[in-house]
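Protein chains in written order, with full-length UniProt numbering: chain A, 1 to 196; chain B, 1 to 222.
Simulated from the structure, these hints should not be mistaken for laboratory data. Careful: at least some of the hints might be erroneous.
What the hints assert, rightly or not - Quick list of simulated restraints, FRET-style, between CB atoms:
1) B:Asp156 to A:Asp18: 29 to 35 Å
2) A:Met1 to B:Ser138: 29 to 35 Å
3) A:Ile59 to B:Val183: 44 to 50 Å
4) A:Lys144 to B:Val67: 21 to 27 Å
5) A:Tyr81 to B:Ala27: 35 to 41 Å
6) B:Val195 to A:Asn17: 36 to 42 Å
7) A:Glu26 to B:Ser138: 18 to 24 Å
8) B:Asp189 to A:Asp18: 40 to 46 Å
As the list claims (entries may be wrong) - One-sided and incomplete, this derived list gives chain B residues near chain A with beta-carbon spacing under 10 Å:
9) Glu51
10) Thr58
11) Val76
12) Arg83
13) Leu88
14) Ser90
15) Glu100
16) Pro123
17) Ala134
18) Asn135
19) Thr136
20) Ala144
21) Leu145
22) Pro149
23) Leu152
All values derive from a computational prediction rather than experimental measurement. Built from N, CA and C at the ideal position, the CB exists for glycine as well.
In case you want the letters, here they are:
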Amino acid sequence: MFCEKALELIRELHRMNDGQLPTFNEDGLRQVLQEMEALYEQNQNDVNEAKSEGRTDLIPSIKLRHCCLLRNQRCLTAYLYDRLLRIRALRWEYGSVLPANVRFQMCAEELQWFSQYKKSLAIFMRSLGGGEGLDITQDMKPPKSLYIEVRCLKDHGEFEIDDGTVILLKKNSQHFLPRWKCEQLIRQGVLEHVMS
Amino acid sequence: MSDTLFDDGSEQDDIQEDVMTPAELIAKLEEAWLNEKFSPELLESRSEVVECVMEQLTHMEANLQRVKKGDAKASVHRMEIDRIRFVLSSYLRSRLQKIEKFFPHVLEREKSRGDSYPSLLSPEEFAFAKEYHANTESYLKAVALKRMPPNLQTVDMLKAVPEPCLDSFVFLRVKERQENILVEPETDDQREYVVDLEEGSQHLMRYRTIAPLVSSGAVQLI
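All chains, full assembly: derive it from the sequences and hints.
Right under this line is the structure:
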């Protein structure tokens with residue numbers, strides 16, 4: 001049955017509907033492209049035959065193959081585009097440096113797309129407010145409280161807060177700190193927001 | 001909001017034609033933010049508001065540095081700054097998400113609007129949108145399209161990427177009274193359905209019907 005492989009690619013993504021990125025299915029992609037090449041060649045031959053020998057009985061199969069070609073193209077672009085959307089989400093969740101295990105799931109061209117995307121985003125953010133710049137990947141949640149309870153996940157040394165006091169961020173220590181000071185460290189994985 | 005924190009004197013007057021108090025500016029930001037959040041399509045660019053708010057934030061930060069350390073007022077002002085920055089970031093994120101989601105249509109709308117119509121995208125957003133378009137197209141070409149049969153090597157983005165659903169329903173509050181708003185046009189089966197929108201009333205309506213009222217400021221999406 002034609003287009004089975006292309007549909008399998010779509011199902012693969014559909015199964016992981018929480019936004020996770022499965023490994024790039026290089027094999028699957030190649031198989032679909034091969035099927036498309038075969039279909040196209042068969043159509044070329046049939047079209048020539050239909051024209052030169054007036055074989056109009058070939059026209060339904062030509063149409064069928066053409067529909068399969070269009071469906072394969074559509075499924076492939078959907079598969080690739082949906083992956084791009086998941087990769088885009090990674091920039092907003094993990095920041096501009098992706099963890100190695102995530103990079104492993106991506107093909108070279110996807111890594112290239114990601115690199116270009118984060119560059120465009122950085123240029124855009126820098127240009128906000130007439131060149132002042134604003135990091136809109138921060139402040140993802142409305143500020144609820146001034147101070148939050150945080151636990152230190154790794155040693156980070158001394159940390160100065162606004163009123164001059166210095167805190168020693170030792171692994172497993174817990175502190176009650178101003179929220180805005182901690183946001184960056186929480187994202188980096190140094191601190192953990194403790195919610196009682 | 002304490003006025004002392006906004007006390008930066010004359011600079012504000014030079015920025016806009018009609019002078020806005022800080023409170024009015026923030027109110028405008030919040031209106032733009034809510035409208036953008038709840039509208040299914042990208043709304044007009046409000047770069048003047050964005051720039052003014054960013055200047056305001058810079059002034060507030062500078063004023064905050066001058067406040068005596070440990071003063072209780074400092075934390076309240078800090079909270080205010082964080083709140084405003086959150087609203088501004090959220091507004092810009094909303095816009096960026098829609099630009100990415102509908103990129104061929106957004107670019108098409110901007111290209112085909114007349115000179116007399118206000119800009120849909122700020123210059124920076126326009127550059128971002130074009131880069132996003134180019135990046136995505138060259139990616140698809142490199143990874144798959146160029147390996148496809150000759151007649152299938154392009155994808156029409158305008159057809160492939162879905163358009164925003166303008167028929168989705170939105171909640172709104174009426175700011176200026178409107179008369180004879182056409183909700184359903186006349187068809188063979190029904191008479192035309194027309195309503196008047198009273199000031200202060202709230203409704204749930206199809207976005208398409210009231211889209212022009214959002215851009216004119218006559219209604220506020222909530």
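Do the hints match the structure? See the list:
1. Separated by about 31 Å at the C-beta atoms, aspartate 156 of chain B and aspartate 18 of chain A satisfy the suggested range of 29 to 35 Å.
2. Range check, methionine 1 of chain A to serine 138 of chain B: Cβ separation about 33 Å, and the 29 to 35 Å hint holds.
3. Against the hinted window of 44 to 50 Å, the Cβ-Cβ separation of isoleucine 59 of chain A and valine 183 of chain B comes to about 49 Å, which satisfies the hint.
4. Range check, lysine 144 of chain A to valine 67 of chain B: Cβ separation about 23 Å, and the 21 to 27 Å hint holds.
5. Separation of tyrosine 81 of chain A from alanine 27 of chain B is about 39 Å and conforms to the stated range, judged on CB atoms against 35 to 41 Å.
6. Between valine 195 of chain B and asparagine 17 of chain A the CB atoms are about 40 Å apart, so this pair conforms to the stated range of 36 to 42 Å.
7. Restraint check, glutamate 26 of chain A to serine 138 of chain B: a C-beta distance of roughly 19 Å satisfies the suggested window 18 to 24 Å.
8. Checking the proposed 40 to 46 Å range against aspartate 189 of chain B and aspartate 18 of chain A shows it holds: the Cβ atoms sit about 44 Å from each other.
9. The interface hint given for glutamate 51 of chain B is met, as the beta carbon of that residue sits about 5 Å from the closest beta carbon of chain A, less than 10 Å.
10. Because the beta carbon of threonine 58 of chain B sits about 7 Å from the nearest beta carbon in chain A, less than 10 Å, this interface hint is met.
11. A distance limit of 10 Å between C-beta atoms decides the matter here; for valine 76 of chain B the minimum to chain A is near 9 Å, and the interface restraint holds.
12. Given hint, arginine 83 of chain B at the interface with chain A, holds; its Cβ is 6 Å from that chain's nearest Cβ, closer than 10 Å.
13. Among the interface hints, the one on leucine 88 of chain B holds; its C-beta lies about 7 Å from the nearest C-beta in chain A, closer than the 10 Å criterion.
14. Interface restraint check for serine 90 of chain B: the shortest CB-CB distance to chain A comes to about 8 Å, inside 10 Å, so the restraint holds.
15. Given the 10 Å rule on beta carbons, the hint for glutamate 100 of chain B holds: about 7 Å separates it from the nearest Cβ of chain A.
16. Because the closest C-beta pair between proline 123 of chain B and chain A is about 8 Å apart, less than 10 Å, the hint holds.
17. Taken as an interface hint, alanine 134 of chain B checks out: its beta carbon lies about 9 Å from the nearest beta carbon of chain A, inside 10 Å.
18. A cut of 10 Å between beta carbons decides the hint on asparagine 135 of chain B: the least distance to chain A is about 5 Å, and the hint holds.
19. Evaluation of the threonine 136 of chain B hint against chain A yields a held restraint, the C-beta minimum of about 7 Å falling below 10 Å.
20. For the restraint placing alanine 144 of chain B at the interface with chain A, the shortest Cβ-Cβ distance is roughly 5 Å, inside the 10 Å limit, so the hint holds.
21. Checking leucine 145 of chain B against chain A: minimum C-beta separation of about 8 Å stays under 10 Å; hint holds.
22. Taking 10 Å as the C-beta cut-off, the interface hint given for proline 149 of chain B holds, the closest approach to chain A being about 4 Å.
23. Residue-level restraint check for leucine 152 of chain B holds (minimum Cβ-Cβ distance to chain A is 5 Å; threshold 10 Å).
Violation of the numbered hints given earlier is absent; every hint is satisfied by the structure.
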